[in-house]
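Enquirer: Those sequence lines, one after another, are chains D and A. In case it helps, this note's numbering puts the first sequence at residues 1 to 113. In case it helps, this note's numbering puts the second sequence at residues 1001 to 1117.
Quick caveat, the hints were computed from the structure, so don't treat them as lab data. A portion of the hints provided could be inaccurate.
Each computed DSSO-like pair below joins lysine-lysine, with the alpha-carbon atoms no more than 27 angstroms apart [unchecked claim]:
(1) D:K100 x A:K1020
(2) D:K56 x A:K1064
(3) D:K2 x A:K1064
(4) D:K42 x A:K1020
(5) D:K100 x A:K1066
(6) D:K100 x A:K1041
(7) D:K42 x D:K67
(8) D:K100 x A:K1055
(9) A:K1064 x D:K100
(10) D:K108 x A:K1041
(11) D:K42 x A:K1066
(12) A:K1041 x A:K1064
(13) A:K1066 x A:K1055
Note that the structure is predicted; figures quoted are calculated from it, not measured.
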Amino acid sequence: QKEVEQNSGPLSVPEGAIASLNCTYSDRGSQSFFWYRQYSGKSPELIMSIYSNGDKEDGRFTAQLNKASQYVSLLIRDSQPSDSATYLCAVRGAIYNFNKFYFGSGTKLNVKP
Amino acid sequence: GAVVSQHPSWVICKSGTSVKIECRSLDFQATTMFWYRQFPKQSLMLMATSNEGSKATYEQGVEKDKFLINHASLTLSTLTVTSAHPEDSSFYICSARAGTSVTDTQYFGPGTRLTVL
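Just chain D, same shape as in the assembly:
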């Protein structure tokens, strides 16, 4: 079982819609969760971090964390064509594995004009 699992997509949504990206992780002791966006040919850039159960909003982005279900999601409201990219979910290892960041393989998002 991989540490972090994501659906590879592609996920296609029309412009203006809500895009919902999901991620599950295996280590119940993990405490830090991150979403990165990676455009084709570029390196990943940090979008959101979340550490507590519930929702965290930043502009059009909302990260949701449910530790009991070991589930992290990213919602993108009012999706724009410029949001088309691969979204990587990253989970930091638990206290005994604190220096490790585990990345999912990414979900490719296509926002159609």
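With the hints as your guide, set chain A onto chain D.
Expert: Chain A only, in chain D's frame:
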């Protein structure tokens, strides 16, 4: 804040030569730096983790004698690909993390595209 630079951004070299890639944290001190490799249309693959002043920890399957990592200061880490071959052609990305708390994250450099002829 939290800017990480890499140099060079791209490099073309002949088979058998060595290539050095630099990774710098510009506005923070990086307790830990990470080196990743990414082949086209594939996910990030962690190669090694390095802490300033100590030997790097390599992931399984990564040849430490081929990919030399030096983390000489809190703002600079280097990756040297020794005796490069065409199969080493890839996108090499470094990242850096400041601090050791649960809220610390890692920030990525822009990447170095290596082509070995």
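Enquirer: Decide, hint by hint, whether the structure agrees.
Expert: The hints, checked one at a time:
Proximity of K100 (chain D) to K1020 (chain A) is assessed by CA-CA distance (about 25 angstroms); at most 27 angstroms being required, the pair is judged to hold. Proposed proximity of K56 (chain D) and K1064 (chain A) is contradicted: the alpha carbons are some 40 angstroms apart, above 27 angstroms. About 24 angstroms separates the Cα atoms of K2 (chain D) and K1064 (chain A), which keeps this hinted pair within 27 angstroms; it holds. Taking the CA atoms of K42 (chain D) and K1020 (chain A), the gap is near 20 angstroms; set against the 27 angstroms cutoff, the hint holds.
A threshold of 27 angstroms between alpha carbons decides the hint, and for K100 (chain D) with K1066 (chain A) the separation of about 22 angstroms falls inside it, so the pair holds. At most 27 angstroms may separate the alpha-carbon atoms for a hinted pair to count; K100 (chain D) and K1041 (chain A) meet this at roughly 23 angstroms. This hinted pair does not check out: K42 (chain D) and K67 (chain D) have alpha carbons roughly 31 angstroms apart, beyond 27 angstroms. The suggested pairing of K100 (chain D) with K1055 (chain A) holds, with an alpha-carbon distance near 16 angstroms, which does not exceed 27 angstroms.
Of the supplied pair hints, the one linking K1064 (chain A) and K100 (chain D) holds, its CA atoms being roughly 19 angstroms apart against a limit of 27 angstroms. As the CA atoms of K108 (chain D) and K1041 (chain A) are separated by approximately 10 angstroms, the hinted pair is consistent with the 27 angstroms bound. In summary, the hint linking K42 (chain D) to K1066 (chain A) is supported, as the alpha carbons are separated by about 25 angstroms, within the 27 angstroms threshold. Taken as a hint, the K1041 (chain A) and K1064 (chain A) pair is honoured in the structure, with Cα atoms around 25 angstroms apart against an allowance of 27 angstroms.
Under the criterion of a C-alpha separation no larger than 27 angstroms, the hint pairing K1066 (chain A) with K1055 (chain A) is consistent with the structure, at around 15 angstroms.
Checked against the numbered hints listed earlier, the structure breaks hints 2 and 7; every other hint is satisfied.
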